[in-house]
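Spelled out, the chains give:
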Amino acid sequence: MAEARRITAPFDDATARSLRAGEKVLITGTILAARDAAHKRMVECLDRGEKLPVDLHGQVVYYVGPTPAKPGKPIGSAGPTTAGRMDAYAPRLMDEGLKGMIGKGYRKPEVVESMKKNGVPYLAAVGGAGALIAERIKKYTVLAWPDLGPEALAEMVVEDFPAIVVIDSEGCDYYEAGQKPYRKL
Amino acid sequence: MREIPAEEITAAVARLAVEACCDLPKEMVAALEKAKAGEPSPVGRDILGQLLENAEIARREQAPICQDTGLAVVFADIGQDVHITGGDFEEAVNKGIHQGYVDGFLRKSSVEEPLFERRNTKDNTPAIIHTRIVPGDRIRLRLAPKGAGSENKSVLKMLVPADGIEGVRKVILDAIKTAGPNSCPPMVVGVGLGGNMELACLCAKRAAARDIGTRNPDARYAAFEDELLTLINKTGIGPQGLGGETTAVAVHVEWAPTHIASLPVAVNINCHAARHGEAVL
Chain D
2 MAEARRITAP FDDATARSLR AGEKVLITGT ILAARDAAHK RMVECLDRGE
52 KLPVDLHGQV VYYVGPTPAK PGKPIGSAGP TTAGRMDAYA PRLMDEGLKG
102 MIGKGYRKPE VVESMKKNGV PYLAAVGGAG ALIAERIKKY TVLAWPDLGP
152 EALAEMVVED FPAIVVIDSE GCDYYEAGQK PYRKL
Chain R
2 MREIPAEEIT AAVARLAVEA CCDLPKEMVA ALEKAKAGEP SPVGRDILGQ
52 LLENAEIARR EQAPICQDTG LAVVFADIGQ DVHITGGDFE EAVNKGIHQG
102 YVDGFLRKSS VEEPLFERRN TKDNTPAIIH TRIVPGDRIR LRLAPKGAGS
152 ENKSVLKMLV PADGIEGVRK VILDAIKTAG PNSCPPMVVG VGLGGNMELA
202 CLCAKRAAAR DIGTRNPDAR YAAFEDELLT LINKTGIGPQ GLGGETTAVA
252 VHVEWAPTHI ASLPVAVNIN CHAARHGEAV L
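Going line by line, the protein sequences match chains D and R.
Sequential numbering of the first sequence, starting at 2, is according to the working numbering.
Sequential numbering of the second sequence, starting at 2, is according to the working numbering.
Hint data in this document are derived by calculation from the structure and do not stem from the laboratory.
Small disclaimer: the values here were computed from a predicted structure and weren't measured.
Note that CB positions come from ideal geometry on N, CA and C, so glycine has one too.
Some hints here could point you the wrong way.
Unchecked claim - Quick look at which bits of chain D chain R covers, simulated, 3 or more residues with Cβ under 8 Å:
{"no.": "1", "stretch": "90-100"}
{"no.": "2", "stretch": "170-184"}
To be verified - Derived lysine-lysine pairs resembling BS3-like cross-links, with alpha carbons at most 27 Å apart:
{"no.": "3", "chain 1": "D", "residue 1": "K185", "chain 2": "R", "residue 2": "K96"}
{"no.": "4", "chain 1": "D", "residue 1": "K74", "chain 2": "D", "residue 2": "K140"}
{"no.": "5", "chain 1": "R", "residue 1": "K235", "chain 2": "D", "residue 2": "K25"}
{"no.": "6", "chain 1": "R", "residue 1": "K171", "chain 2": "D", "residue 2": "K25"}
{"no.": "7", "chain 1": "D", "residue 1": "K185", "chain 2": "R", "residue 2": "K123"}
{"no.": "8", "chain 1": "D", "residue 1": "K140", "chain 2": "D", "residue 2": "K71"}
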């Protein structure tokens with residue numbers, strides 16, 4: 002495999018748009034952690050005309066609900082969860098300035114349309130590699146809604162967080178391109 | 002009549018919960034190694050390598066293989082000559098789940114009610130318990146934590162006899178194609194055939210929780226397992242859905258007698274973190 006490209010988060014517009022489907026990356030910087038319940042609350046917040054607990058401009062959101070940290074560790078196991086469950090909320094957050102998403106699995110066409118409109122890539126981390134990924138997360142800080150437990154909105158400091166671009170901001174889909182050469186049915 | 006204290010059940014369940022979540026069964030590790038050696042896709046090989054490294058870190062650090070430490074599914078075969086003392090069986094199991102998940106730093110993924118409040122129970126109880134009364138004076142407990150990424154891709158189709166093996170193949174392949182990367186391939190595919198609606202699902206669940214490398218004792222069904230595995234690995238989905246020939250490492254079929262008018266097919270997919278632990282008391 003080609004060497005991974007090193008990028009920093011949050012993403013500026015040029016970085017977000019330059020990522021290409023199939024490209025392997027290592028992310029260093031700060032990313033957000035949120036999944037189903039935090040997404041629901043963020044959108045409810047916006048619906049009420051309230052300010053979000055965090056400014057989404059340039060932010061990269063990682064769809065994750067970690068296991069509790071053992072003493073002396075910043076976080077427990079922390080692999081990606083299925084991104085499709087956030088499809089109902091993702092376009093709204095991209096309109097608010099979100100610049101990247103990390104998860105696993107297929108996205109709906111309307112999400113891809115919003116990604117193209119907003120210049121946002123979708124990346125996959127290796128599902129189920131929770132212990133390995135945790136070693137690349139250096140700090141985990143809950144920003145809002147601690148009552149949600151593993152689903153709270155949080156911020157993570159990451160170093161060389163491994164991911165692969167699966168759908169880029171032009172809508173190119175590496176799930177399709179990657180599978181096609183091996184499809185024999 | 003042999004007496005087994007409820008607290009022994011609790012202790013066994015607590016231990017199994019942590020072991021199952023942190024120690025990938027050696028048969029699964031071997032299957033991933035074999036798949037990596039034969040996988041033609043460079044991306045696929047890279048991912049299989051990461052999964053093996055992950056399993057190694059998890060075992061060494063006693064950290065969960067995957068952050069989704071699942072709902073706790075417990076298969077309990079209770080010998081009819083056993084008398085459980087000092088507590089009731091289901092309470093003993095749930096105490097074990099509480100201890101295992103709270104003290105073992107596992108994730109609590111259970112909500113007490115599905116539709117309105119969805120409040121987290123904070124200790125991953127209740128377990129989903131499938132009990133059988135069997136001959137003998139022992140209790141066999143098999144704990145299989147089951148994550149939702151793969152569980153959400155489960156399928157039940159009530160086929161009719163005329164649909165035959167062709168219809169069964171199509172249901173299974175359609176389920177795998179729909180699941181794709183969402184169910185964290187390489188998968189272990191559990192298929193339940195026959196019975197009625199709920200029994201087909203239970204057969205699929207038992208099949209998904211079987212040890213890798215075991216085959217259906219009926220040669221016809223064992224051959225069907227092999228055939229399905231070959232077909233599934235021709236879909237091109239590959240490790241994590243990024244392309245390759247390792248979409249599944251095993252297909253397990255379990256069946257039950259059924260109605261003259263029915264051919265139920267249930268598919269329960271397990272991700273590569275095909276976890277389980279077993280204890281005999």
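Against the structure, the hints come out as follows:
Counting residues of the stretch 90-100 of chain D whose CB lies closer than 8 Å to any CB of chain R gives 0, so the stated coverage by that chain is violated, three being the minimum. Residues of the stretch 170-184 of chain D with a Cβ under 8 Å from some Cβ of chain R number 9, which satisfies the need for three, so the listed coverage holds. For the hint pairing D/K185 with R/K96, the CA-to-CA distance comes to about 49 Å; that exceeds 27 Å, so the pair is violated. Restraint check: the Cα-Cα separation between D/K74 and D/K140 comes to about 9 Å, which is no more than 27 Å; the hinted pair holds.
Of the supplied pair hints, the one linking R/K235 and D/K25 holds, its CA atoms being roughly 25 Å apart against a limit of 27 Å. Under the criterion of a C-alpha separation no larger than 27 Å, the hint pairing R/K171 with D/K25 is inconsistent with the structure, at around 34 Å. For the suggested pair D/K185 and R/K123, the alpha carbons sit about 45 Å apart, so the restraint of at most 27 Å is broken. Simply put, D/K140 and D/K71 have alpha-carbon atoms about 13 Å apart, close enough for the 27 Å limit, and the pair holds.
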